[in-house]
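Using the hints, build the complex out of the two chains.
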Amino acid sequence: MTATEGGGRVASAGAPGAGGPLLLGVRHHGPGSARAVRAALDAAEPRVLLIEGPPEADGLVALAAEADMRPPVALLAHVVDEPGRSAFWPLAEFSPEWVAIQWAVRRGVPVRFMDLPAAHALARGEEEGEGARTDGGGEPAEEAADLDSVRIDPLGALADAAGYDDPERWWEDVVEHRAASGDAFAPFEALGEAMGALRETYGSGGHERDLVREAHMRIQLRAAQREFGSEGVAVVCGAWHVPALREKVSVAADRAVLKGLPKVKVDMTWVPWTHRRLSRHSGYGAGIDSPGWYGHLFSAPDRPVERWLTKIAGLLREEDRLVSSAHVIEAVRLADTLAVMRGRPLPGLTETMDAVRAVMCEGSDVPLALVHDRLVVGDVLGEVPDSAPAVPLQRDLTRLQRRLRLKPEALERELELDLRKETDAARSRLLHRLRLLGIGWGEPAESRGSTGTFRETWRLRWEPELSVRVAEAGVWGTTVLGAATAKAEADAVGAAALADVTSLAERCLLAELPEALPVVMRVLADRAALDADVGHLAQALPALVRSLRYGDVRGTSTGALGEVALGLAERVFVGLPPACAGLDADAAAAMRGHVDGVHVAVGLLGELASSGDGGGPGGPGAPADEGEPVVVGTAGAVGDVDSVRSPSAGGVRGRWQRVLRGLVGGERVAGVVRGRCARLLMDEGVLAEGEAARFMGLALSPGTEPGEAAAWIEGFVGGGAGGGMLLVHDERLLGLVDTWLTGVSEDAFVDVLPLLRRTFAAYEPGVRRTLGELVRRGSGQQSSAALMTEGAPGFAAELDPERADAALPVLGLLLGLGGEQERGGAGRGGAADGGAGRSRNRLVGVA
Amino acid sequence: MSVSVETAGPAGPAAEGADAADVAAEEAAQALRPHAEDAFAAELAALAAQDDRPRPERWLLSPWAVATYLLGGPLPDGTVITPKYVGPRRLVEVAVTTLATDRALLLLGVPGTAKTWVSEHLAAAVSGDSTLLVQGTAGTPEEAIRYGWNYAQLLAHGPSRDALVPSPVMRAMSEGMTARVEELTRIPADVQDTLITILSEKTLPIPELGQEVQAVRGFNLIATANDRDRGVNDLSSALRRRFNTVVLPLPESADAEVDIVSRRVDQMGRSLDLPAGPEGIDEIRRVVTVFRELRDGVTTDGRTKVKSPSGTLSTAEAISVVTNGLALAAHFGDGVLRPGDVAAGILGAVVRDPASDRVIWQEYLEAVVRERDGWKDFYRACREVSA
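Just so you know, the protein sequences line up as chains A and B, in that order. Just so it is clear: in the first sequence, position 262 is 262 by full-length UniProt numbering, and no numbers are missing. Just so it is clear: in the second sequence, position 207 is 207 by full-length UniProt numbering, and no numbers are missing.
There may be inaccurate statements among the hints.
What the hints assert, rightly or not - Selected chain B positions facing chain A (Cβ under 10 Å, derived; list incomplete):
id: 1; residue: L105
id: 2; residue: G109
id: 3; residue: P111
id: 4; residue: R358
id: 5; residue: V359
id: 6; residue: E363
id: 7; residue: R370
id: 8; residue: G374
Hints are computed from structural coordinates only; laboratory data are not their basis. The structure presented is a predicted model; accordingly, all values stated were derived computationally and were not measured. Note that CB positions come from ideal geometry on N, CA and C, so glycine has one too.
With the rest of the complex left out, here is chain B (with noise of 0.2 Å):
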């Protein structure tokens, strides 16, 4: 570690060659979370093997092979290609072929959705990089979309493309690679609009020099955005325009829901040192169900409506009550997870808007709940906390 460290200083942006590149695969390596392209490089290279169908330019793989990269498979030759996107097939098509025909993608999603892990494996994918990234916040500033300077260079020569410091998008457009925009919607509404030109006429242009970067073939945008953020800094029609959009679903089936739950629950658990109890996937079952219902607006028997209260519901969420649950049990219960260990937790989840989540949340509990077969206890527990 503390070789690369030493190393990683001298080599900086500037130095190339042979050196520098051993360097960073020995970086990435040993990082915490290796970039997609270098975790799964094999298989990069053997759909790339494999790969004989037409290219658009710059792109590494075939629209194809892009998708079959996402979605699994095997591969001619035996490979078999591990799925890194379980979902409707359709929806990763769309999405490829969105970057094959020169217009940005946005994917949409609640969080826990997925969507940063599809948009960096895309960009691995298509252009074998995924750290050309641009993190969106409240704060970030045109710099980070066009490009800022280096203030001493340019006080001693003046303005000159050797003082400008180019943003990710600019170096994406000027190698024709993919970039990526994280939580779009958190950009402030002004600083957004910066995207406008670069999309529509694939230009960037450096008024101070009198110059512009035009974009070079195979140059795309991804963005990520949480459709419940919406209003915060809403697109703008024209910038909207720009994108095709992709909406990333929660999970289809209750069974995978709870599939994914209790995996994840299971993980912090132990990392917490909590015991699951012989009960837990019972109640992890009923928190899953309780959250699809309403975030739904049906019950599953599709029998019933409820209405849908403000908040999200996703699967993430589940996962910190049933967690929340197991801890209070462990803590303060006798260690096995019962209804009124979760039943606080999701009442947290669901009424976030006092008023009318309340009532909401009510009526759910006295249509659905109380008429249900074996959840007299989660429905009392209900009442005791939302009391």
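Only chain A is shown next, with the shape it has when bound in the complex (with noise of 0.2 Å):
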């Protein structure tokens, strides 16, 4: 010990800035130089211990001691007034600065940050312009010092003359992998040299803010010398650093370079931070790719790639894969082979990796993503003590909560927003972010009375963990508003089901975070693309669509939005006819929903597709919309081949309408999804004449099993009010059904009961007797043919217009189109609507 700290003292004495302070150059986040750094103080034992970080965090440093504390975690820099205005500087337990922090921390030495004040580095931001506002505090531009992100690449240049072509590596090698040595200094030593050197060719690199730094780094440690003389003082700061606090500068001179920065009230606390977010590149800069690798290279006492290897061995195994300790054995040897081969002094991630992939994973990447993602980068969770001040993103809460009065009270209480309002819109987005980040205050309840969709009911209750929920969500961001755009693009990105995405995307609406919405969008169209499952798309579309109307609601932009739906659609499109075939009776009726669910929102989606286009609302759209879908029904004999021909022919009502018209001939489909995409069609209006009529013709005829006619039967007129109606009123029809019935034989008479029944109780009982009535006049006695030439009782062979012009005026009442328009009403009622212009056809029929 003292032999080695003789050596040590006199290794730091020959350096250059002779008998000056130990100056330990780290980088930061490398497991070496952490290790380093704790041999170097041990054997050196400083009195006083300055760190490259904020000086407004010494007040903080007693935290680091408490058991609480678990790293990852980060020191946290915000402007009081402006939480979004952050700089983050995470440790982990990797880390040199958090080694040498916690070393100080438990011999009581005193800890100082010598970096320039947040104070100014957060002002700096504002006054230049550049991106230190960041609402997702991911990457401040602050403190962006490291030796990686320096303009021009110190450590590729180093490399290069190493002959590595890849910097990382390099430093790896030669720093990091480095077993201990005897001498705790030398590591320090040579590399100082190595920055020194490079600092003199390059200067700063780029980075004229490092000057600055640099400089109040030097008045720290002048400081901290006098204090208690340059023997007892250890530094730990990015190598990088280390030329230029031996450099000998005037006082005077440093002095000069921080006069009149600009300054800001800053707040600073700690908050716990993820691995994962050490790997982006944020705070120091360093953006390391694999902290769960550095982090098992810090803590593995000895062996490191055999326990590595047996880790991931472990890993595969929870995930049911076959690796025995023969594929471990033989992955290690062909790490430190493969190592060897590339001429490495120990094998590193890249050869663990190979080696993984080439023995344990059949030389997939698939079962490697997972490694990759659970242990290279790993899923560690840091903590904070609760004694540590409280986190921005609960001043941005407070803020906003007097901004919008709306005081967290224990007491439960109901809230009604009109959401027209400014301030019930915002308070509505508020309690729809803080219900994303998990803070559950209010809770979204049935309105009374009013059913619009822009009235809204919560009922609000602040319970007191809901405080330790803020301060947990606190690692998503600093304000609200940015941390809810955080967690809902991880949410996306980690979601499990298309289901999941979609109803994310609907609350990202509710909560307007139009940031988080393209990534939402991008995750969704992207399940969607790779669900196989047509019922799965067709469960999401009407969602999606709902979204789609919030949004028009709220004024939120939703461009994105109808393209993933139509997208979606169009996949619903090509996908459902072979989903259609071969099904059983569940599986149909499930199919039925789904073809109704989807009827339903490509309805609206045609709506909004064609006011959006079209310019006006309505008007220029609605004809068009109308005239397109007569010509393919005229056309509709001829078939699938002319559909085929005109693919972009009609907007997406047009395809859908193609693809209802393929499933009703379609010869596998169920007899359910064919009846009712025949009503789907008749009530759409684009069947021609007569020619709902010879599909029940087709789907009833001798031919066909009973059980199937049955389920057509059902498909066609089942279902709620309206499909009795339909047969009340269209007595061809009705005549069909009454045919096909009595010639049903008697066993299969038997057999199609129940559904038959199933389908008619549904009926109200006046539909019902009205049926039974028509039934027992014996419009059915007439032939099937003769129905279809001369059309039923009550029917006209052609439209009657003077009978139709007399229920207008009572139409244009109903429709509150006012006394005026109805003058000219006669062409405007048809081209308005077209479901006014099909409900004057059922009139007529009445009348």
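Take a look at the structure:
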């Protein structure tokens, strides 16, 4: 011990800047550096420790000693009035700075941060107008002075000189993987010299701001030296800064550099951090790719490669992959040999991963991705003691609560919001965002009275543990908006099912997170593309279209959403026909539900699309929409070939109608689905005169199995009141059903009876009675052939315009068209709304 | 040619000495496709002369030199080694290293990814002999991997080492060489299993004689398998465990693939006397794009995901689609490669399973092709053929 210490002193004293403080140049987040720092501190035993970091955090150092403090954590600095402007200094278990702090705290050695105060750094960001503001708290531009991010890459230059093509690998070989040698200070000396040589060549390396920071560091260093004597001071900083700290610069010059820097009021605290965020480019700017691997290197007492591969084998076994000890042995051998072949002192991450791929994963990258995600990056979440100052997210929330006059109260109360008012809309957004963050302050409740989409009812209740939730959510960002955005993005990427993503999209719209929406939409599009189950797609579509309408109500831009919805619809169109073939009764019933859902969604989608590109609402879009299907309808007999030839004709509704038409004629499609499709087409008004009857005739012809035919009937006229009314008013169809039913053999009749009963039992009593009377009157006794040609009782062969016009005034009243428009109503009523046109037909029939 | 045939007869396997060697060299020179060790003899010699790194026992080169031989590069004395394999350096390093640690090497990949090529060159560089080869087929018998008998000898003198006919694997074991097994997954499972003892115990028992052949240091085995054939004769986990697996990927960038395709099409087209029209390259690019997008499951701009069909869609298939289209254009069209000429070929390559692949293809058409600028003709042509 004493021998080493003596040696160390000599080496240190022999360095340039002789007799000066112990300068430990490190790589942020370097486990090898961390180990070396610990050894050097043990050997030198300094009386004060200076660390690269914001001096405002000096008061927070003591917290690092608490048992509840578990890395990875980050020092967070933010502007007091503007929590969105912030900077992070993340520290992992294997960060040299963290190791140094722990060393000092345990021995009662004072720790001081020596970097430029965050007050200046954050103010600077504002002044220069460069992206220091990050609501997500992701990547502050501050503190970007790490070796790796220097614009002229000094590490690259060093690695190049050493014959490496990859600077990271060179650093690992030369510094991180070095076995501990006798002299605790030697690595720092060598590195300091190398950096000195680099700085001579490159100067500040393109980072002018470094000069300011280094001036401040020098001043702090001098102060510490005055207080504790130069022998008693140890400095832990990025290796890049070491030459600058050794430089002899006059105090006056340093002060001049620092003079007149802008300043803001800054708060500091500790926040929990994650390995995943360490791997992002943030904070120290190091943005390491493999925090899990570094953590392992740092914590493994010996044989790191063997332990690492055993760990991987354990993970793969948990995931039910067959990995034996023999695999591990072979992987270690391969990694070792690879390292020798590549001329590296020890297998690094590349070698071990290559070995794992070849030996344990059969050359496949899929399990390897799991290893990368779970071990190389890792899922470690840090903890911060409760005594740490409040996170900025809490401040932001408090500020919002005050501004929106929403007090957190323990008592439950209901809140009615009218989204047309600005304050209410903002309140709704806040509550939705909090819900996304898992802070369940408000729960949406059923609106009483009004069902309009502009109304929302919330049940509010603030419980004490919600404060904890807020603190936890602090990981996601410093403002409610930023945190909710980050959380939504992460949720989208991690979502398991397509429906989860759709509902997330809905929530993003409600919470108005425009920045998260593209990510969610992207994930949604990807999931939809890869989901082979049309059922899932068909389920997702209605929710998505609903969100589109919400977006409309709230005035959010929904362009991306519409695009995704159209894409989804397209996939449904393509996938639906094959999915409808060969279904059993239950699956067919479910599919019928899907068809209905998609139909409604497509209707909305078509409206939105046509009102979007038509410019004016309704007017120009509607006639085109009405006209086009009719053309297809007359050509319907020619069939599929035609529709294939003109694929892009018509909008989304036109394409959907073609899909329906294909389904109606599909041989292997279940009866209930075919019936339903025929009905939907008929309701759309695109079936030519008598075509519905033709379809029904086909479906009920004697060759068809009675069960199938009954299912067809259920699909066609089943489901709610509308179905029965159709039979009441179109006696041709009733006649067809009647003819079929009387032709069914006795055995078959017993089989189809339950089905028919299910269909007809759903009708309202009045409808049932009318049907019964009609059947008794015996309309069905005419031959169906005659019905087809001559039309049913109560129907003329052609429309009678005179009688139709007689119904118009009533119709105008019903539709609220008003008195003046009545005059020219004939043309207008028909063109303005397809629904009106159709109901006119029925009114004529009744009259 | 006639000379070599005459001399080859008596020379046979028994003959040894300078004469036979000369004959062999002469044969190699006249062969339609010489072995790797003959074709690149000069490069191997240059590498061996320069190579001062440690070599595993019975290796002709050090692992580093073997990797250089495959990947190409200049040597200190100025000799330039041509690249034999264009692909990630990492893969070659893992493959060579595997051979250096007595584990067997399994090269996986879809057809047309140069598996056989790589295995031949590895064997040539490591052992100087790429001919110890077992061609795997559904009818490969155990004798092809272990040993057979010379029945005349067997009947005349009873079982002895003289009556034994060694397989390439057995010879490689006794001489410390690299053996190769092609299309391992085509070999019936029970025959595959004979490899287990060879690879784990490094010994081949001959129960008939009460003897065994023990592998000499330097023995190793390279197997190739088509990973789209999985499930045909899947490797047992016991056997799989004895291999380190390296998957040879398809070309990394679209440009590289277009390059490969157009070069091969050019070669093939010339032999078929097909003229390549001026618009040809656009159509080739389109075919490659479609193949890559469906294969990778994502569009080139990385913005839309698509489902992948069951077919391989390898570069080799892209080549055949384009050659086919050229033939169509030359004989039935106006000589210019048009979308219509390749559409049918693409459909055939993509839709292998009529049910699921057709849906995937139509989805791709509707979601990707329809919207793309300048692809209208192609879209129409595809709709026409897939109706």
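Against the structure, the hints come out as follows:
| no. | hint | result |
| --- | --- | --- |
| 1 | L105 | holds (9 Å) |
| 2 | G109 | holds (9 Å) |
| 3 | P111 | violated (16 Å) |
| 4 | R358 | holds (8 Å) |
| 5 | V359 | holds (6 Å) |
| 6 | E363 | holds (5 Å) |
| 7 | R370 | holds (7 Å) |
| 8 | G374 | violated (16 Å) |
In this structure, the earlier hints numbered 3, 8 are contradicted, and the remaining ones agree with it.
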